[in-house]
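Novice: All chains should be built: construct the whole structure from the sequences, respecting the hints.
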Amino acid sequence: MTGTLYLIPTTLGSDKWQDVIPLYVSQITRDTRHFVVEDVRTARRYLSRLEMPVPISDLHFELLNEHTMQQDVHKLLLPLLDGLSVGLMSEAGVPAVADPGALLVALAHKNGVQV
1 MTGTLYLIPT TLGSDKWQDV IPLYVSQITR DTRHFVVEDV RTARRYLSRL EMPVPISDLH
61 FELLNEHTMQ QDVHKLLLPL LDGLSVGLMS EAGVPAVADP GALLVALAHK NGVQV
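Here the sequence shown is numbered in this note's numbering, starting from 1 and rising by one per residue.
Honestly, I wouldn't trust all of these hints.
Unchecked claim - Have a look at the derived ranges for each label pair, beta carbon to beta carbon:
| id | residue 1 | residue 2 | range |
| --- | --- | --- | --- |
| 1 | 109 | 25 | 28 to 34 Å |
| 2 | 57 | 83 | 19 to 25 Å |
| 3 | 33 | 94 | 18 to 24 Å |
| 4 | 40 | 102 | 15 to 21 Å |
| 5 | 22 | 69 | 32 to 38 Å |
| 6 | 110 | 31 | 34 to 40 Å |
| 7 | 14 | 83 | 32 to 38 Å |
| 8 | 115 | 72 | 17 to 23 Å |
Calculated from the structure, these hints are not laboratory results.
Every residue, glycine too, gets a C-beta built ideally from N, C-alpha and C.
Specialist: Set out below in structure tokens:
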């Protein structure tokens, strides 16, 4: 059984996450340990604001940005195919909307991974 690819929205600017992110989305994010992110530093900062139940250093991050080669995106799918859930995070806003995350979403769909 495959894992689930969660599209995790982030706040724009300095908005408080509680004002714009539904509680159930923040809970899914807190339960996730593997992330594909556009920028690791920004992702760590955002996750710190969510008060993750584990140290940020215990989380696993993979990079997917404008410098990622298209042929390397398939490697990002491997944890999902191994049954792990993965959170996809954009630099700001909703992932896979006008950003490289769309490549992973398309590949996940093609391989029967729930998104």
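Novice: Going through the earlier hints one by one, which of them does the structure break, listed in rising order?
Specialist: Result: hints 1, 6 break, sorted rising.
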